[in-house]
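S.K.: Single-letter residue listing:
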Amino acid sequence: MKNLILLSIFTFLAFAKAYSQKATLSGTISEEATGETMLNVTVNIIELKTGTITNEYGYYSITLPTGNYTVQYSSIGYATIERTISLDENIKLDLSMTEQGEALDAIIITTDVEKMSTKSPQMSVNALSIETIKKIPVVLGETDLIKALTLLPGVSNAGEGAAGFNVRGGAADQNLVLLDEATLYGSDHLFGFFSVFNPDAIKDLKLYKGGIPARYGGRVSSVLDIYQRDGNKKEFSGTGGIGIVASRLLFEGPIIKEKASFLIGGRSSYAHLFLPLLDIDNVAYFYDINAKVSFNLDDNNRLYMSSYFGRDVFNVNNLFGNTFGNSFVNVRWNHIFNEKWFSNASIIYSDYNYGLELEFVEFTFDSGITNMNAKYDLTHFVNDKVEMRYGINSIYYEFDPGRITPSTTTSGINDRQLTKKYAWENGVYADGEFVISDKININAGLRISSFNRLGQESLNTYENDQALLYNQDLSVYESADAIGSFSSSRSETLKSFVNLEPRFSMAYSIDDDTSIKASYQRINQYIHLISNTNAPTPFDLYVPSGTFIKPQKGDQVAAGFFKNIGNYSIETEVFYKTVQNRLDYIDGADLIANDAVEQILLEGEARAYGLEFLLRKNQGKLQGWIAYTLSRSEQRTPGRTALEPGINNGEWYSAAWDKTHDLTVTANYELNRKWDLGANFTLQTGQPITYPNGQYEFDGLFIPTFEARNSSRLPIVHRLDFSATYTPKPNKKNGWQSSWVFSLYNAYNRRNAVSITFGENEDTNRNEATRLAIFGVIPAITYNFNF
Amino acid sequence: MKNFFIYTAALILLSSCSDVIELDLNNTDSKLVIDAVMERNGELGVTFTRIQLTRSAGFYDEELVFVNDATITITDANGNLIPIPFRADGVYDSNFPFITINDPTENSYTLTINDNGDLYTATENLQLTVPFTEVEQQTISGLGDDITEITAFFTDPEGFGNYYLFEYSDIDNEEVDTRDDEFSDGNRTQTTFFIEEAVPGTVATIRIKGIDQRCFNFYETLLQQAGEGGGGPFATQPAVVRGNIINTTDSARFPFGYFRISEVFEVDYTIE
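Chains as they are written, first to last, in my numbering: chain Y, 1 to 787; chain F, 1 to 272.
Okay, chain Y solo, but in the shape it has when bound:
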């Protein structure tokens, strides 16, 4: 009898366990003061030592066995919220978080905040909050997101005044820059002195240097994913700043209180207005406008419309005029099907164009790239151990290499439209994050990408399909003449590519604060920036892959060690990446207004490898980091046959942005409530440069001859910057609040060489090497306000 009872009890318990219920806790987290949704808020289930984070739209969902739990919501700078719940059935819990120091019953628990990141399989990410970025001292006092990212390991650029940025030795066109999911083609204003991002409009930014999840594709080296703020849903407010070179102003507020909001901001530089005072008839300025409208249609539906318009304008004495910039409009719809399914649909139109007017030759030139993009992304919160993402992304491109038009009736230029090119890029992905065990989390995904080069007018044909020939006798590459051309309609496909892109990353937790991670990614890039200068210029254009150009294929493996110790965190990673089909150019290639780039291209390969180290102090009055990167980035273009030399005799040469050592120390010290001090020290190996090894005279010209490409270095670069932020009334939270930022760039006035040019002095006729440095010591003052 006793055995029977025991058997019944065990059977009952067994069944009870088999049929034990699960329920889902989900919701949206927003900011109390503005109604702004919050990303990356940690949602921690204390009893189970598990949790999740809110997504880009502030939404979270976690499925647990039924029971009573203490749930902790935390985010840096905000008061942590704790809730006790009885999870017997699905619960929807939306919360508002208040900024730290404001909440009345704030519970500040700092120890748990960082733990999720060591457990997460995501590695190789540089993340910075806008608050941190605004405190970093920069040249001319203008906050710059891209410059701030270069202070973290693995990110650099090709020197002061160089546009673009380089991630883990990758080229500047290998970064996918997304603003509210729309692709931007240029990330700089005024040749790299300013970025296109208005910091007041930005909510969050993340740079993926490796371990790129399957939902991203199309660029081999990195993804810079930036989200704009939605706009204050509670009350009308504004932010702005006045600087010595540029100013900005942003307004936001509710359209329907608590339900709909708008945000509109603009920036403009005005230094050019003072040039006439110095008797200089030139103009160089930029402006940009960010606008956004968001609607909470109901509990499960949100609609967003964002747009951006930015332009750079140059005019030198009315001889040379140049305008260029990005713009986009996008519409997004978040839809929550139920507590386990979240979706986002986006439709985006984006455009990059540049226009040139050369008055002394009497023509105007307009070219650009336009795309229409439709995306659909689904997240399936399966349970507390599995989160799946699926999605599809489709982009239709139009590449306009340019239209050249005479600007006067007497001009000698013929009106001509260079052949437009069309393409269609698609990606479909499935991605899963799995908690395998207490210690192991993995993220595994597959993206299938395809690219169709569509029909166009006048596609050149060549004998034997060879657009570039090698003249054996003269040892030079020569462009082949087209033997004909044919036109096809846009509904035909000239060439298509389909590729599998596996992505994998894994985290192994040694303990709660320590983990090792590893990742692998394969990414294909179908569009290429045609540029043979060291850094991109606004005159560079993208071309699509096709008959003559193969897609770039990139592989990266990375491994890292992560540890949190009290207020500090350590991240160290090693990486190795290779890129096939990297384009290179024959000597003397003329890329501007070139309608047949296949005649000057050679295919090469690139590789980069390195070690990154980051020691960060995240809490306390003194915060900051020490970042060190040791790396090498190189390229090789062998000849197509054994008889051809290729570029640089087919030997590996350093990429133009290769920096062996890159050390940055950034510190921020909260002196008191009114004063905040910042400092920044950078020490880097100089850029590669090619030294001459001789010279000769020809036709009155002085011609240097050169050593192997990029085999020498410019001198070491180092610089110290300071900033001090003064908030006169730190307790004031309503009405007009202001602060002053005093910055000193290059405090000890080091002349860091940006280039060395070799030539003959006009006056003395001596041969000399001239070193150019751009910025000496530059003080700046910015007045920031909000209301």
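For the record, the hints were derived by calculation from the structure and aren't laboratory data. This one's a predicted model, so the numbers in the text were calculated from it and none came from an experiment. Hints should not be assumed to be uniformly reliable.
Claimed, not checked - Going by beta-carbon spacing under 7 Å, a handful of chain Y positions derived as facing chain F:
#1 412
#2 475
#3 533
#4 695
What the hints assert, rightly or not - Under the rule of at most 20 Å between Cα atoms (straight-line distance), these lysine to aspartate or glutamate pairs were calculated in the DMTMM-like manner:
#5 F/31 <-> Y/339
#6 F/31 <-> Y/699
#7 F/31 <-> Y/298
#8 Y/420 <-> F/220
#9 Y/92 <-> Y/339
#10 Y/439 <-> Y/511
#11 Y/259 <-> Y/298
Where a beta carbon is used, it is the ideal one built from N, C-alpha and C, also for glycine.
Take the given structure of chain Y and dock chain F to it, following the hints.
M.R.: Just chain F now, with coordinates in the frame of chain Y:
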């Protein structure tokens, strides 16, 4: 406040600077530099052939090394070898009327240079061109000292792929430029020179010379290398500029320079 902005703007502009530095540079083996032209004056119909031979040197070497002991001949289409005698300072020239009026572009000419046992050769044909129609002058101010803009106009023949080499010379300045007709085919078009400190009253000579596509590519690459050099975001890549002359004795010791045969028109312009 206004003063503050002027001061800051000036500070930023002055804050960038260039200075001359001494570098420890390697020297590569010296090569022969051949500047060989056969030019037929389009108006007068006379042919003048001039070859200057020098040697390439180390970057900081000031002395121009002339080659005064080479043997130069030009072979015409009928196989006749015409010697080009030495003049002075590495220059060899001749007034021999190579180019005849009948079929001027049909015949090719071969240049042969014997430099201490190394044989260099190149074969080329005459490239025709068109004369200038007028010259205009303008002044550009606002970039520091005034710059004089001299523009010479001509009419590009329609249909042919035309390439041009231009030369400007006055007492103080020597400038070279090239262009093609890709965007200006068949039109009245121009070349523009920007001259600093042009002296009014002095005479400038502007020449237009016909070249082919290979010579155009050569000059494009050459002009990129001259006066630019290494480093900086806008620099293009350094390159070894290969011409159309080969060393038949040892292909590794190739020469620098070019052998060009052009029809030339010139115009003299008095600077206002």
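S.K.: Each hint should be assessed against the structure and marked as holding or not.
M.R.: We went through each hint and held it up to the structure:
{"no.": "1", "hint": "412", "result": "holds (3 Å)"}
{"no.": "2", "hint": "475", "result": "holds (6 Å)"}
{"no.": "3", "hint": "533", "result": "holds (5 Å)"}
{"no.": "4", "hint": "695", "result": "holds (5 Å)"}
{"no.": "5", "hint": "F/31 <-> Y/339", "result": "violated (77 Å)"}
{"no.": "6", "hint": "F/31 <-> Y/699", "result": "holds (16 Å)"}
{"no.": "7", "hint": "F/31 <-> Y/298", "result": "violated (79 Å)"}
{"no.": "8", "hint": "Y/420 <-> F/220", "result": "violated (26 Å)"}
{"no.": "9", "hint": "Y/92 <-> Y/339", "result": "holds (8 Å)"}
{"no.": "10", "hint": "Y/439 <-> Y/511", "result": "holds (8 Å)"}
{"no.": "11", "hint": "Y/259 <-> Y/298", "result": "holds (8 Å)"}
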